[in-house]
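Residue numbers (our numbering), protein chains in the order written: chain A, 1 to 413; chain V, 1001 to 1300.
Hints were generated in silico from the structure; no laboratory data involved. Ideal placement from N, C-alpha and C gives every residue a C-beta, glycine not left out. Do not rely on the hints blindly, as some may be mistaken.
Taking lysine-lysine pairs in the DSBU-like style, the calculated list, with each CA pair at most 35 Å apart, reads [stated by the list, open to error]:
#1 V:K1055 / A:K316
#2 V:K1247 / A:K107
#3 A:K137 / A:K179
#4 V:K1273 / A:K70
With the Cβ distance kept under 10 Å, some of the chain A side facing chain V (calculated, not the full set) [unchecked claim]:
#5 V189
#6 E345
#7 W391
#8 S395
Pulled from the structure, derived: some chain V residues nowhere near chain A, Cβ distances all over 10 Å [to be verified]:
#9 L1003
#10 G1131
#11 V1167
#12 R1169
#13 V1189
#14 Y1265
#15 V1278
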Amino acid sequence: MLRSRGRLLAYSAILVAAVALSACGSKTGENKSGAGVTADTAGDTVKVGLLNSLSGTMAISEVTVRDSIKLAIEEINASGGVLGKKLDPISEDGASDWPTFAEKASKLIKEDRVAAVFGCWTSASRKAVKPVFEANKALLFYPVQYEGLEQSPYIFYTGATTNQQIIPGLDYLKSQGKKTIYLVGSDYVFPRTANKEIKAYAAANGMTVLGEDYAPLGSTEFGTIVNKVKAAKADAVFNTLNGDSNVAFFKEYKSAGLTAAAMPVVSVSIAEEEVKSIGTQYLAGQLTAWNYYQTTPGDANAKFVKAYKAKYGADKPTSDPMEAAYVSVYLWKAMVEKAGSFDVEKVKAASDGITFDAPEGKVTVDGATQHIYKTARIGKIGDDGLITEVWNSGSPVKPDPYLKGYPWAAGLS
Amino acid sequence: MTLVASQFITGISIGAVLLLIALGLALTFGQMNVINMAHGEFIMAGAYTTFVLQKVFSDAGVSLLVALPAAFVVAGLMGVLLEILLIRRLYARPLDTLLVTWGVSLMLQQLARDVFGAPNVQTRAPDLLTGNVHLWTGSDGVELTIASNRLFILGLVLVCLVALTLVLRLTPLGRRIRAVVQNRDLAAVSGVPTARVDRLTFFLGSGLAGVAGVALTLLGPIGPTMGTNVIIDAFLVVVVGGIGQLKGSVIVAFTLGVLQSGVEYATTLSVAKVIVFVAIVAFLQLRPQGLFTVRTRSLA
């Protein structure tokens, strides 16, 4: 009797656990309404949406992006707002869960009737909200580097596309004489697509990819992957892990005796904020590819860093996605003012050629692709947790999301 | 050859983590038959205890050593509280226990979010535990090493295992626990205070979860959902190992660890998880009672 009850208990425990897990993943997506929703711009204020993961595995990164968007909004409000109207930020938590992002995007557009939404980090969340913005003809400003091969008419991409970050990163490795690389990434659309591009680049540039491995977002078990990397004896590792999997990966990397000197890791999703929380003891000497660092020279950056630290604390670093998010609010403001209207289509039509003296240097909106010209920068993580530039592209690179300028990328989609 | 050996070591260390998170459950679920879905949150409580203590003692080594007993007590007391307030009233209704403790688990997660913030946090490991220990250099020049944090966890789980075995075998409390497990009514009429024994067993099991939480801070981030991420693995180990036995859990934890790391090396992480799950389902088809069973007061 007890034996069979034990079995029953055991099975039901697993069953309930499984149901609990699947319930988390199966929230229904978005019901499409054909017509666009007009933003509510009648009053003295205009609502804008902030859509970031404030909880879950991505919160390590996305909370800081939300903070810097808020900083930009406060600065704009302090200097008179946009077209004489103050901005009223509505913040929603995407909770590191892609269907939640779609739900919250829909809420911001339809219920709050915001004029524009700023946010999203992972490409998975952007892909989840893209149909919502397109169906409702609403605007999203996406501030994070991504894998390219996308161009939605309702999204402005203010982070780097591939040819402004990953390709310069590979060029840098090549110039350093690295012939073999190993690819490690999180298991979702950005790392998978980025690695497809990296493999095409490697094939055309005489580099060998010794292996590629993926771990689910949030995974913390990297013993085997690091063993594989170690056994492959690659010249360098190209890391597209996102969120705090990086913590576990770099702890394991160091424990395995692998060093930045012998086998450097180039990361494209680790900026100053992540360095701080992963711990410099694990990261010192490793490389990153971005368009902005806290140490980037210039008055605009000095002002941005000072304002950010004054608002959020002297120990808070600034990073590339934060800067891109901060810039995106100002770019939207400039577009609205040029268009003389909050109307989405008019704002889009006014976007081409808008420039802003950003912390990373002067950026220009490319109206055709809705991406921006950005300077590529390779940096090295220092013992103080800050990243210092070791190479840059000299001038802002024209965005090329579909890599049309690269013959080796012809077959990618 | 060195590779096989180093992969085997990775497997053993995965197994050690599995066993550590399952050990407390082997007591509360395995011995007492209580399905405690909040067990993962006791692990989380242990991890956050480490985090808080690191704020108090700036030295990472000292805070880790203090955290081990502290987390044991914190998680243990949470377990006792849960036992007194809820589980005690539901011993006759196992499925209700399951739902109630799941609700408690959700509440504790939200509590952690409110107290410590939604983003995950990290602790610093003592310098001693960030390197690796060199075992030998193979003929192919590949060095065989074991990460010192994993060696520490392996040692920790062995200490816990030995201590738990000694408590169960040699102490009066252990004898009472075993008596209650084997025949609650007979133990009660023989003068064993079963309610008190239940509470102490729950204290031990939950406390071990807290210790597991301390160990997990050496490997990855601390977050409100970290318990949910490991609770399934913990139940798997106990179910496959067999209810009411520690040795089953031990064997299963290390077997699963080695199987997981071996398959993962040959394939990928996702495929390895699938294959391990299929193997478990197949095994339970053949031996639904798990690896070992204990002869109890069964009338059937």
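Status of each hint after checking the structure:
For the proposed pair K1055 (chain V) and K316 (chain A), the alpha carbon gap of about 18 Å is at most 35 Å, so the pair holds. Distance check on the hinted pair: K1247 (chain V) and K107 (chain A) sit about 53 Å apart at the alpha-carbon level, beyond 35 Å; violated. Distance hint between K137 (chain A) and K179 (chain A) is unfulfilled; the C-alpha atoms sit about 46 Å from each other, more than 35 Å. A C-alpha spacing of about 41 Å is found between K1273 (chain V) and K70 (chain A), which places the hinted pair above 35 Å, so the restraint is violated.
Interface hint status for V189 (chain A): violated, as the beta-carbon distance to the closest one in chain V is roughly 15 Å, over 10 Å. Contact between E345 (chain A) and chain V, as hinted, is not supported at the beta carbon level, the nearest pair being about 37 Å apart and thus beyond 10 Å. Interface hint status for W391 (chain A): violated, as the beta-carbon distance to the closest one in chain V is roughly 29 Å, over 10 Å. The criterion of a C-beta within 10 Å of any C-beta in chain V is not met by S395 (chain A), whose closest approach is roughly 36 Å, and the hint is violated.
Its closest Cβ contact with chain A, about 5 Å, brings L1003 (chain V) to no more than 10 Å, contrary to its assignment away from the interface. Residue-level check failed: G1131 (chain V) sits 7 Å from the nearest beta carbon of chain A, not beyond 10 Å. Against the 10 Å criterion, V1167 (chain V) stays outside the reach of chain A, whose nearest CB is about 22 Å from its own CB. Distance check on R1169 (chain V): its Cβ is at least 22 Å (rounded) from any Cβ of chain A, clearing the 10 Å threshold; non-interface status holds.
Every CB of chain A lies more than 10 Å from the CB of V1189 (chain V), the least distance being 18 Å, so the non-interface label holds. Remark: the non-interface label on Y1265 (chain V) conflicts with the geometry, its nearest Cβ contact in chain A lying 6 Å away (cut-off 10 Å). The beta carbon of V1278 (chain V) is kept farther than 10 Å from every beta carbon of chain A, the shortest such distance being approximately 14 Å.
Checked against the numbered hints above, the structure violates hints 2, 3, 4, 5, 6, 7, 8, 9, 10 and 14; every other hint is satisfied.
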